[in-house]
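For what it's worth, the working numbering labels the leading residue of the sequence shown as 11, then goes sequentially.
A hint or two may mislead.
[As the list claims (entries may be wrong)] DSS-like, lysine-lysine: derived pairs with alpha carbons at most 25 Å apart:
| no. | residue 1 | residue 2 |
| --- | --- | --- |
| 1 | K67 | K29 |
| 2 | K67 | K57 |
| 3 | K54 | K13 |
| 4 | K57 | K29 |
| 5 | K67 | K54 |
| 6 | K29 | K64 |
| 7 | K57 | K13 |
| 8 | K54 | K29 |
| 9 | K29 | K13 |
| 10 | K54 | K64 |
Keep in mind the hints are simulated off the structure, nothing from the lab.
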Amino acid sequence: MVKGTEAIIRSMTPEERRKPEIINGSRRQRIANGSGTQIADVNKLVKQFTEMQKMMKRMGGGGKKGGKGGFNPFGGGGMDLSAALGSRPPSR
Numbered sequence: 011m012v013k014g015t016e017a018i019i020r021s022m023t024p025e026e027r028r029k030p031e032i033i034n035g036s037r038r039q040r041i042a043n044g045s046g047t048q049i050a051d052v053n054k055l056v057k058q059f060t061e062m063q064k065m066m067k068r069m070g071g072g073g074k075k076g077g078k079g080g081f082n083p084f085g086g087g088g089m090d091l092s093a094a095l096g097s098r099p100p101s102r
């Protein structure tokens, strides 16, 4: 599953990683085709990320500077799907 998740994220554009809410049906199809996965897998990952984003906002005041205090295990800043990949270059 980790390789599939990584493939899905790498098949997204930088903008899609920053703002997964812009991923419409045709983008989901392109991401699934590019990652060798099913649209359902892309949907699942986007949903999981969205839920995690909501949880982090509740816990850490939205991850914005000047927000409410709170616990943020990711060290502050907004969440971005590309953060899940670390700083590794794309594998081809």
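Structure-based check of all given hints:
no.	hint	result
1	K67 <-> K29	holds (15 Å)
2	K67 <-> K57	holds (15 Å)
3	K54 <-> K13	holds (15 Å)
4	K57 <-> K29	holds (12 Å)
5	K67 <-> K54	holds (20 Å)
6	K29 <-> K64	holds (13 Å)
7	K57 <-> K13	holds (18 Å)
8	K54 <-> K29	holds (16 Å)
9	K29 <-> K13	holds (22 Å)
10	K54 <-> K64	holds (15 Å)
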